[in-house]
Amino acid sequence: MVVTKHLLRAIAGTWLLIGSATQAAILPEDRADVMYHGYDGGGLQVVGPSVLVRKGFKDTVSVWSNYYIDMITSASVDVMATASEYEEERDEKSIGVDYLHGKTFMGLSYTNSEEDDYSANSVRFGISQDFFGDLTTLGISYGRAWDTVYRNGDLNFEEETTRQNYRVDFSQIITKNMIVNLNYEGVTDEGFLNNPYRQVRYLDADSARGYEYESEIYPRTKTSSATAIRALYYLPYRVSLKGEYRYYTDTWGTNAWNVEFAYVHPLPKGITLDVKYRYYSQTAADFYSDLFDRQSAQNFLARDKELGTFVSHTAGVGISYEFKPGWMPFFKKGEASLFVDYIRFDYDDFRDVTVAGGNAGSEPLYGFHSIVTRAFISFWY
Amino acid sequence: MKLPTVARIVFAILLSVSIMGSFGCSVMEIKPWVSPYERNNLADPIMSFNRSPVASAYLHHVYQAREGARGAEGGSGGGCGCN
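Chains as they are written, first to last, in our numbering: chain A, 3 to 383; chain B, 1048 to 1130.
Treat the hints with care, as some may be off.
Here are the computed lysine-lysine pairs in the DSS-like style, where the Cα-Cα straight-line distance is at most 30 angstroms [to be verified]:
#1 B:LYS1078 x A:LYS271
#2 A:LYS105 x B:LYS1078
#3 A:LYS57 x A:LYS334
Since the hints were derived computationally from the structure, they do not count as laboratory data. All of these numbers come straight from a predicted model, not from anything done at the bench.
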């Protein structure tokens, strides 16, 4: 019973390494990564492995594959309000091929994601080109996804969703120490876009607690636009600084923006230190409410807190250790890494109904923090 | 369907670059103001927007699950599975 941001599932997978398309003149390096990932916060635990392998052939073709598993245990505030804790697994498989011809880079990929109540398939094609003495790289890509939504315990429930992604990447070398990237992505969805389990609450004087629940109802179309600008600057003592600003808007009325600053500092003996901070802010969708005035108050109803008004702060640190795996001469080098991020979420219009007492609509506002862990080992060959 | 303003701006940039490209070699061979031999710093792995693809993919996956925004994450993502 997972289907939360299902509309995002198939979007993302095929992007895994396509970002390298912004460096059009060379293929990505041959490497393998084995990662353990963990998420713990707000009553939700997600752990699992991810294995990513990439291999090039004759400097013109590079193929890659990723296998990824989420093992989920959820007792989040949404779940505990109307249901009980559950466990689930999601498996995602991706394959892709990149082709380099002169200064033109092309990538094609396919992703499949499966869980017991959701199936997603997506394909993506991208092309990028270097211009102006390789100072400028322009890339465009198109993706399409087909999802099927089920509902556990209801064999008659089956809904479809289709999605299209359009993306433009523009990278520019500004000086010998600075590069800037401008990125736009438009996404259109059509079909069943809400969660078949999630419910909204409305005031009900006949109820002892003062409110009751009914199923959420979302529009069957959505179009979103996200634009981001990023810059990397190289300091004289071999340190890089990264800055990012992203703005997002969609036809459901949600507007969001975030800024991020990152610092990467190599230290002696093959150690590299990463530090970063990110701030995110969003406004609620037009049809979102924590507590509707009455049953069926409007055409569309949402109480998904991810569609509410909130801010989040992320602080992250990472440490990597590069080594020569002499005991495995096939590998040129290896790197062991540990990244940990702390994320704090504070909601402006989502109340914690699991707190007993008080009148409907006067419960405390909800907030929580999460710890995101990624421990991985990488080999280049 | 009418594209949002940002989309029109971005596609205008794209179109401009394409038109410049269509003028041929005279434009395409503009002398680069950063020569290839001056790009050592830019080639350093710490100057990558996506230095650890598998790790950044997972963090974007978390953001996508917890936030309303989507897209333009900078070349990585990673599915979902979070409620």
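Exercise. LYS1078 (chain B) and LYS271 (chain A): Cα distance at most 30 angstroms?
Worked result: It is violated: about 39 angstroms lies between the C-alpha atoms, which goes past 30 angstroms.
Problem set entry | Holds or violated: LYS57 (chain A) to LYS334 (chain A), with C-alpha atoms at most 30 angstroms apart | The hint holds at about 14 angstroms.
Exercise. Under the criterion that the straight-line Cα-Cα distance not exceed 30 angstroms, is the pair LYS105 (chain A), LYS1078 (chain B) satisfied?
Worked result: holds (17 angstroms)
Taken one by one, the earlier hints fail for this structure only at number 1.
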